[in-house]
Amino acid sequence: MRGCHLLDTLSKALGSKEARGVGYIELRAERTVQTAIDVRQTGVDVLSKREETGHSARVLVDGVWGFAVSSGYKDVPGTIRDAVKAARALPSNARRDRAQIGDVAVIKKRFHVKAKKPLGETEDEVKISYLKQICARTSSADPRIVVCKASYRDYVGEKLVVTSEGTSVESEIALSYLMTSVSGRAGPRLCSARDESAIVGAGWEFFEARDHAEVVSGRIAKKINGQMDGVSCRRGSFPTVLSPKVVGMLAHEALGHLSEADYFASGAFNGLQGKEVAPEFVTIIDSPRIADGFGNISVDDEGVKPRKVTLIDHGVLGDQLTNREWAERLGSEPTGNARAENYRVPPIIRMRNTYFEAGDMSVEELLEGVKFGYFCGDVKGGQAEANSSFQVAIQACFEIRDGELGRPVRDLAISGVAVRSLPLIDGMGRDFGIESSYCGKLNQLMATSDGGPHMRLKEGAIIFGGATE
Amino acid sequence: MTRQSTRRERVESALDSATRAARSFRTLDAEVFVLSSRVKSLAVEQDTVRSATSTDADFMFVRAVRDKRMGVSFTNLLDAKSIRRCIGSARKLTSLTDRDPDWNGFPSAPKRYPIVKGTCDRALVDVELSTLGAKADEMVQAAQEEAVGVTVTDGSVDVTERTVGVSNTEGLSAVTGETYIGVMCSSVSGRGGSVSPDCPYGMYSTSLDIDFEHIGSESGRIAMCCAVTAEPSTEDCEAVFSPVALGSDEAGLFCNILRGALSGESAVRKNTLFVDRVGDRVASKAITITDNPIAPSRAGSRPFDDEGMATQRTELIKDGVLKGFLWDSYHASLAGKKSTGSAVRNMSTGSVSTGPLFLHLKPGTKSLDELVREVDRGYLVWSCQGAHTSSPETGMFSFVASPGLLIEKGHIVGCVRGAMISGNIADLMSNAEKVGSDLTDFGSTLMPSVLFTGVRVTTG
Chain A
1 MRGCHLLDTL SKALGSKEAR GVGYIELRAE RTVQTAIDVR QTGVDVLSKR
51 EETGHSARVL VDGVWGFAVS SGYKDVPGTI RDAVKAARAL PSNARRDRAQ
101 IGDVAVIKKR FHVKAKKPLG ETEDEVKISY LKQICARTSS ADPRIVVCKA
151 SYRDYVGEKL VVTSEGTSVE SEIALSYLMT SVSGRAGPRL CSARDESAIV
201 GAGWEFFEAR DHAEVVSGRI AKKINGQMDG VSCRRGSFPT VLSPKVVGML
251 AHEALGHLSE ADYFASGAFN GLQGKEVAPE FVTIIDSPRI ADGFGNISVD
301 DEGVKPRKVT LIDHGVLGDQ LTNREWAERL GSEPTGNARA ENYRVPPIIR
351 MRNTYFEAGD MSVEELLEGV KFGYFCGDVK GGQAEANSSF QVAIQACFEI
401 RDGELGRPVR DLAISGVAVR SLPLIDGMGR DFGIESSYCG KLNQLMATSD
451 GGPHMRLKEG AIIFGGATE
Chain B
1 MTRQSTRRER VESALDSATR AARSFRTLDA EVFVLSSRVK SLAVEQDTVR
51 SATSTDADFM FVRAVRDKRM GVSFTNLLDA KSIRRCIGSA RKLTSLTDRD
101 PDWNGFPSAP KRYPIVKGTC DRALVDVELS TLGAKADEMV QAAQEEAVGV
151 TVTDGSVDVT ERTVGVSNTE GLSAVTGETY IGVMCSSVSG RGGSVSPDCP
201 YGMYSTSLDI DFEHIGSESG RIAMCCAVTA EPSTEDCEAV FSPVALGSDE
251 AGLFCNILRG ALSGESAVRK NTLFVDRVGD RVASKAITIT DNPIAPSRAG
301 SRPFDDEGMA TQRTELIKDG VLKGFLWDSY HASLAGKKST GSAVRNMSTG
351 SVSTGPLFLH LKPGTKSLDE LVREVDRGYL VWSCQGAHTS SPETGMFSFV
401 ASPGLLIEKG HIVGCVRGAM ISGNIADLMS NAEKVGSDLT DFGSTLMPSV
451 LFTGVRVTTG
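Same order as they appear, the protein sequences are chains A and B. Here the numbering used here is used: position 133 in the first sequence is 133, and no number is missing along the way. Here the numbering used here is used: position 394 in the second sequence is 394, and no number is missing along the way.
Just so you know, these hints were derived from the structure itself, not from any lab. It is possible that part of the hints are untrue.
[As the list claims (entries may be wrong)] Below, computed lysine-lysine pairings styled on DSBU-like, alpha-carbon distance capped at 35 Å: (1) B:Lys-111 - A:Lys-114; (2) B:Lys-117 - A:Lys-85; (3) B:Lys-81 - A:Lys-114; (4) A:Lys-116 - B:Lys-81; (5) A:Lys-116 - B:Lys-92; (6) A:Lys-132 - B:Lys-270; (7) A:Lys-222 - B:Lys-318; (8) B:Lys-270 - B:Lys-68; (9) B:Lys-68 - A:Lys-441; (10) B:Lys-81 - A:Lys-85; (11) B:Lys-409 - B:Lys-338; (12) B:Lys-68 - B:Lys-111; (13) A:Lys-17 - B:Lys-81; (14) A:Lys-222 - A:Lys-275; (15) A:Lys-132 - B:Lys-68; (16) A:Lys-12 - B:Lys-81; (17) B:Lys-338 - B:Lys-318; (18) A:Lys-132 - B:Lys-337; (19) A:Lys-108 - B:Lys-285; (20) A:Lys-109 - B:Lys-117; (21) B:Lys-92 - A:Lys-74; (22) B:Lys-338 - A:Lys-441; (23) A:Lys-117 - B:Lys-81; (24) A:Lys-74 - B:Lys-81; (25) B:Lys-92 - A:Lys-117; (26) B:Lys-409 - A:Lys-132; (27) A:Lys-132 - B:Lys-92; (28) B:Lys-68 - A:Lys-117.
[To be verified] Far from chain A by the CB rule (all over 10 Å, computed), these chain B residues: (29) Lys-40; (30) Arg-112; (31) Tyr-113; (32) Pro-114; (33) Glu-170; (34) Thr-176; (35) Gly-177; (36) Ser-205; (37) Val-278; (38) Gly-279; (39) Ser-367; (40) Glu-374.
In this text, a Cβ means the ideal position worked out from N, Cα and C, and glycines have one as well.
Please model the complete structure; the sequences and the hints are all you need to start from.
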């Protein structure tokens, strides 16, 4: 079924008897093809195509959300009926706090992807050859490397959002993601490192022109060498300089999640609105569009036009990220942060591209004056809690001794409590970089970017768990 | 005709159509995996049941092999045309992949499958969302009743009814149905700058008699313990890890490390800290771990794995000694072993690897509270923030105890914010002193609490 026919099918369903008398209905449909390729030194491990078509209905009935999902597009009114039935099934004592949504501008638009080499038209042989080059180059970089795996995924297709308020949006999907992971053996000790790159709304030209095989293998080889040659990390708190990738993780995990309205209510920032939580030179943004942003969106999954949100404005706690329901509760305009991993799950509040704005110091100036500390260059995942506790696994870490980068450091994670760490930021670089990755929340994965400049924090801000020999 | 039989018939029909379509291509071997499910869910947010969901899903993966080259394809439509397309797509992909000289074909049908009792409960198929909503509300109230100022930040109830089938061109064909319920509740105490970490608790069951109130009150009780802040100090000390801290998918250390580390695939690739250590002591005598997907009435139990091989109870670590790894048929053949019925399918790509289906740590005799009472000075680690960043290859971990509750002379005295725990899983398991009796079913693991000594705690 082509897009316009599908749009007709969804629009007709909104006029069906199943939709009559329902306050709000939001229909979402997708037709996608996922290509998955895993390559190791030995050759292609997995080549997989996943074709999926389906739709969902989300309804608001008497202050309770109902949601239903079905494969294909044959019985959209039936899915609306199931969603209404789900919402009406909840007992009255489950409706203490009724959900409401305010008005938003109606959007009728089709968003296209402008790719020089569309992912769906790029032959699988080309992608396989690229991944094989990465594995071959990485494996030959150091004889101690025992495993190299390059995992590539792309998703192409289209998705639609149609609401009972008149919004109808069709968006082309083009998303690609590469994770390269390596293991190496330094004597009896196994080490591991990983590298990610990703782009949304672009084509294969991203991997040809920018993240080509030599670049990716060079990056990952450097990271695993640091792990194999690295020394153990000391235990305690030390002055720390963070790279843009780690700063991005801090922006995302420790600050961004706490500014999501559904987490804010029971989070560490509640009660601090309008108050100073960081030095004056600290500003944090969540934006729906930045250059090469993996979290870029044209419209959110409730059909709302997204806008830039300032989470911390020159040290002062700013706005929250909202969907329509939370915007209504807060008496504000929705920020366009309602996002769903796919049609099978309802949209929830998610970040897009979250970053610290740049300051005015050079990296050398940030390192200067640190007698002993750590430079954290790259991340291997992390997690945040409502109380603003954050944990970030680090790779590409170096000692700082007398203002200079020293020995590489292996296997470590850092942690802290953001409300205590933010005031201890004492320097912000004038550079800028971003990291593209997937964020998990309530069992939904979402493409996001995080970033910022290099940053320095005083002792007490970051805890190093240390490592045993 | 009941809904369950309809689902089963749909799966059997799809398996049959796909296998016949694959056989129509000469020189093509194929395996078909079909899943049909209905999930009824409730979501709790900020003390309130906010949404109800009904999800129907059918899907099929086809692994096709021609001249030892494999292609994988997926469809979520089980009509005849979509099935033929799926087979054709997988077949086409075989021309792009590399020949695997070690490929020995899909497995033949096993002589028999184990009888796994108690995996289907009619009450779970028939339960109404309204009944679940009332129970979810009881869970929230139970958490709130633990103390003033406890908020349930999020929670969920998921009832799954599903039928799974596998068939291949070697004549293997197996279909099974299962029902289970998963309930989760996460609470905090305090507000703003003094808010506690999230305190999650939950479990799976194959029957509806799951104790919602207990789940709520346990989550609320731990949140309440966080209301008092304890003085942090960096030290090596005793620590009791709760079942959540060891067994949950999101926050469990054993779950996140041992699933990969005990996989035969990792052993073949020499990519696990346990490589070449079968027969060695890798943990204290208190630790006995099996993969036991044939345990009756457990959400993780099933008669066959994701490539249709019979499941079995497999001893992995007995009294601290590594007994072996888990195997699917392909990696078993590479290592000269037999399949342990441990094929695990990647539900995104359809590829098959090896891992535990239901990892089971043998329980001891003491409750969690009794283990806590034995600690002179140490911590109760309720969940592990950042457990997913631990390494199955090296066994290294560094996470935040979330919450980390300080124990002095057998009593919890308060919560230490941001207590970081680092080390290696081999060292940690070697320092396991006592195992608790509080087995908790997390769907893919069955874990009790454990008291460890010499745990490395770092605070700010």
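Cross-check of the supplied hints:
no., hint, result
1, B:Lys-111 - A:Lys-114, "56 Å, violated"
2, B:Lys-117 - A:Lys-85, "33 Å, holds"
3, B:Lys-81 - A:Lys-114, "32 Å, holds"
4, A:Lys-116 - B:Lys-81, "33 Å, holds"
5, A:Lys-116 - B:Lys-92, "26 Å, holds"
6, A:Lys-132 - B:Lys-270, "21 Å, holds"
7, A:Lys-222 - B:Lys-318, "40 Å, violated"
8, B:Lys-270 - B:Lys-68, "24 Å, holds"
9, B:Lys-68 - A:Lys-441, "40 Å, violated"
10, B:Lys-81 - A:Lys-85, "32 Å, holds"
11, B:Lys-409 - B:Lys-338, "50 Å, violated"
12, B:Lys-68 - B:Lys-111, "26 Å, holds"
13, A:Lys-17 - B:Lys-81, "31 Å, holds"
14, A:Lys-222 - A:Lys-275, "42 Å, violated"
15, A:Lys-132 - B:Lys-68, "19 Å, holds"
16, A:Lys-12 - B:Lys-81, "26 Å, holds"
17, B:Lys-338 - B:Lys-318, "20 Å, holds"
18, A:Lys-132 - B:Lys-337, "30 Å, holds"
19, A:Lys-108 - B:Lys-285, "66 Å, violated"
20, A:Lys-109 - B:Lys-117, "54 Å, violated"
21, B:Lys-92 - A:Lys-74, "28 Å, holds"
22, B:Lys-338 - A:Lys-441, "39 Å, violated"
23, A:Lys-117 - B:Lys-81, "30 Å, holds"
24, A:Lys-74 - B:Lys-81, "15 Å, holds"
25, B:Lys-92 - A:Lys-117, "23 Å, holds"
26, B:Lys-409 - A:Lys-132, "58 Å, violated"
27, A:Lys-132 - B:Lys-92, "20 Å, holds"
28, B:Lys-68 - A:Lys-117, "32 Å, holds"
29, Lys-40, "8 Å, violated"
30, Arg-112, "31 Å, holds"
31, Tyr-113, "28 Å, holds"
32, Pro-114, "30 Å, holds"
33, Glu-170, "21 Å, holds"
34, Thr-176, "21 Å, holds"
35, Gly-177, "19 Å, holds"
36, Ser-205, "19 Å, holds"
37, Val-278, "17 Å, holds"
38, Gly-279, "18 Å, holds"
39, Ser-367, "27 Å, holds"
40, Glu-374, "25 Å, holds"
Against the hints set out earlier in the document, violations occur for numbers 1, 7, 9, 11, 14, 19, 20, 22, 26 and 29.
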